[in-house]
Amino acid sequence: MAETQVPERTTNRGPGRLLIAVYILFAIAATSRAGLQIATKFDQAPVAYLLSAVAALIYIVAAVGLARAGHAGRRVALACCSVELVGVVAVGILSLADRALFPDETVWSGFGSGYGYIPLVLPILGLYWLWRTRPDASRP
Amino acid sequence: MTSAAAAGSPVDGILATAAIVLSLVVAAWALVAALRHRAPDRLQFVGLAVLEVALLALAVLALVALGEGVRPGEPGAFFGYLVTLVCLPPLAWVLARMEPTRWGSAIVCAVCLVTPVVVVRLQQTWEVIGG
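Here the protein sequences line up with chains A and B, keeping their order. When you line the first sequence up against the working numbering, it's residues 1 to 140, in that order. When you line the second sequence up against the working numbering, it's residues 1 to 131, in that order.
Because the hints were derived from the structure by calculation, they are not lab data. Using N, Cα and C, we set each Cβ at its ideal position, and we do this for glycine too. Careful, some of the hints might be misleading.
Short, incomplete list of chain A residues facing chain B, as computed with Cβ under 8 Å [as the list claims (entries may be wrong)]: (1) 18; (2) 21; (3) 22; (4) 38; (5) 40; (6) 44; (7) 68; (8) 69.
Bound-form chain B, shown alone:
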């Protein structure tokens, strides 16, 4: 999975894979919490924070690559996905704080299921000509 990093895509590598895995783990944990009628716990918020750090690092990697003159396949879509991506964990955080019930956990679960999809779309929009 990480071998594609050698092909030059800054958003396809260990960091992106880690973000996807972490997001799915947080989603699974939040789902368990929601099913057990539990409000979002500290672990979910820590998970969201770590996920956000990973996504911001991913964004920095992408910007550094851009600074070196590498260009994504679909620049418009790429930046759209990148901006959306870094907004997702804060969105989940704010809504989960507003909803200290099982449904807060359900919100964290839903957003953390969407995040990996956006990461994959981000990788696809980079690779159209670059891959």
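Bound conformation, chain A alone:
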């Protein structure tokens, strides 16, 4: 079980698998948070909680897309990472500009500061990895 030298540029292998692991962790975190918020106190901050649910859904679909890694999977993952990046930046700006809009924390509030800014870094890493493993990439 030592080192296996297969520097294969496949979306769901190697660093891609670590990316999938982190996406799964965020999918669990966001899903349970959104589920709980919507079930127990939806009327307190519907916008924030619906956003949590959307974020959760995106993390799940992105994880599945990255894991399947076929042509369709990569396309799904690309869409998810893009929406995620736009979402985390937009919500980050909005949550700073208008606190009343998001009275309760969401995964994306303050650019994901409640989660160590990983929600901001994750889509960038995802997009970079999708680009690195694009099918027509010239192999070194």
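With chain A fixed as given, assemble chain B onto it according to the hints.
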């Protein structure tokens, strides 16, 4: 750190502290392995297994306390974190088995860094009114 156990929280005590420390040790070991281009070794899997046993014991302690009528401050969040917590080491195990490269070690490291955070959140959701 363990003095809070006297306050009545079943998830704050030697066992929780041990789980946090063990998780961080496994994370550090996995990080070293990842940096040395090593696939997850037996020690990482043993570490994950022991961690899972500790977390399951923690869950049993919490359930026993519930059986005695003690209630967490935020029951919904508490159970969410508890269920998530016991799923983390198996998740790391499965993904690390699928990825017998340095990135498998990186996955073990990442999950073992998240686990202590979830343990602490678990303690916080218990203590809101109980503490």
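(request) Return the status of the interface hint for residue 18 (chain A): holds when the least beta-carbon distance to chain B is below 8 Å, violated otherwise. (result) Given a least distance of 5 Å, the restraint on residue 18 (chain A) holds.
(message) Holds or violated: the hint that residue 44 (chain A) contacts chain B, with Cβ atoms closer than 8 Å.
(response) violated (14 Å)
(message) For the restraint on residue 21 (chain A), tell me whether the closest CB of chain B is nearer than 8 Å.
(response) holds (5 Å)
(request) Grab the minimum C-beta distance from residue 38 (chain A) to chain B and call the hint holds if it beats 8 Å, violated otherwise. (result) Violated - the Cβ of residue 38 (chain A) stays beyond 8 Å from chain B, reaching only about 11 Å at its closest.
(message) Quick check on the hint: residue 68 (chain A) CB to chain B CB, less than 8 Å?
(response) violated (14 Å)
(request) Hold the hint about residue 22 (chain A) up to the distance rule: shortest CB distance to chain B must be less than 8 Å. (result) holds (6 Å)
(request) Classify the hint on residue 40 (chain A) as holds or violated, based on whether any CB of chain B lies nearer than 8 Å to its CB. (result) holds (6 Å)
(message) Does the closest beta carbon of chain B sit nearer than 8 Å to the beta carbon of residue 69 (chain A)?
(response) Status violated, d = 13 Å.
Checked against the numbered hints given earlier, this structure breaks hints 4, 6, 7 and 8; the rest are met.
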